[in-house]
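Let the sequences and hints guide you as you build the complete structure.
Residue numbers (numbering that gives the first Met the number 0), protein chains in the order written: chain A, 0 to 135; chain B, 0 to 135.
Where hints are given, some of them may not hold.
Unchecked claim - Okay, the calculated bits of chain B under chain A, using three or more residues with CB under 8 angstroms as the criterion: (1) 19 to 30; (2) 35 to 46; (3) 74 to 80; (4) 109 to 120.
To be verified - Covered by chain B, according to a simulated footprint, are these stretches of chain A (three or more residues, beta-carbon under 8 angstroms): (5) 75 to 89; (6) 105 to 119.
It is worth saying that the hints were derived from the structure and are not from the lab.
The beta-carbon is built from N, C-alpha and C at its ideal position, and this holds for glycine as well.
Protein chains: 2
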Amino acid sequence: MSDDLAALPPVPACTPTLPGFTCGLDATLRVISGKWKPLILYFLAQGGPTRYGELRRAVRDVSDKMLIQQLKELEADGLVTRTDHREIPPRVDYSLSPLGHSLALALVPLCTWGTENMAEVSRVYARRAGWAAGKE
Amino acid sequence: MSDDLAALPPVPACTPTLPGFTCGLDATLRVISGKWKPLILYFLAQGGPTRYGELRRAVRDVSDKMLIQQLKELEADGLVTRTDHREIPPRVDYSLSPLGHSLALALVPLCTWGTENMAEVSRVYARRAGWAAGKE
DNA sequence: TCAGGTACTTACCAAAAGGTGCATACTTGT
DNA sequence: ACAAGTATGCACCTTTTGGTAAGTACCTGA
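Written out as structure tokens, the structure reads:
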């Protein structure tokens, strides 16, 4: 099993191209950290422009405050585009910028990994949850 | 630019195979959320088994408390393996399990994305930081 | 007229995440 | 004898994150 690792494709080194980031991964993490951001990005990547309300209903359990906040940050970071149709009642929709879309594509392997290993993950998580709630 | 998106490879839908997770991405996020986890995984993926102290020095700015804590969770989640050589003074090293390594591989695109777009990210981040520190 | 929907904003609070520093038990080097 | 290093544990505290509930300005349908 230790030989496995040696045989697997080596993980490319992460170049610390710019100061302030230890590596590319670090840079990416700064932009997608936040409970809902990856989910928002991924959802937007699947359907096209989406109205606020739809998004709200799609990303289950998110509150208005959080959704708005994360959307603003994503917008400030140039990952999503907000379109205000300036109608009354309000109509606004969100879509991915090309940059955002490229990030969403980079999320695909994570999504795949999660799907493939969901059984493992859920087992571990059930243990954690039970351990947190009950006694042992 | 809106046609761009249509032309790009469609992001595969995320199957909610098991209850409790909205999709695979969600599952993955549960396991790697934590300021240092992706960095730890990635570092371990590059060099083999690593002693605690080395790891500590490698992942810059991490405190003992945090590093230990995250390592424990990663271990509990079956992503890293802890080997205590039961020596005195203490000698312990950490390495990736096969599952952990597969996850590290899934992180590669994120790392690449960050490297490629580091200029963008750092610009945005500089703005955020300055805006937080200064007044406007 | 009144409930309900739109896309938010704000104030207030709880929980989680994270940091600092001290302690341990034993070693090696000075 | 004493400082320093090893891999942690623990108590205390601050910062960040996230949630709840209310309000806004306007519209539509009953």
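To see whether the hints hold, each was checked on the structure:
no. : hint       : in the structure
1   : 19 to 30   : holds (count 12)
2   : 35 to 46   : holds (count 5)
3   : 74 to 80   : holds (count 3)
4   : 109 to 120 : holds (count 12)
5   : 75 to 89   : holds (count 3)
6   : 105 to 119 : holds (count 15)
The structure shown violates none of the earlier numbered hints.
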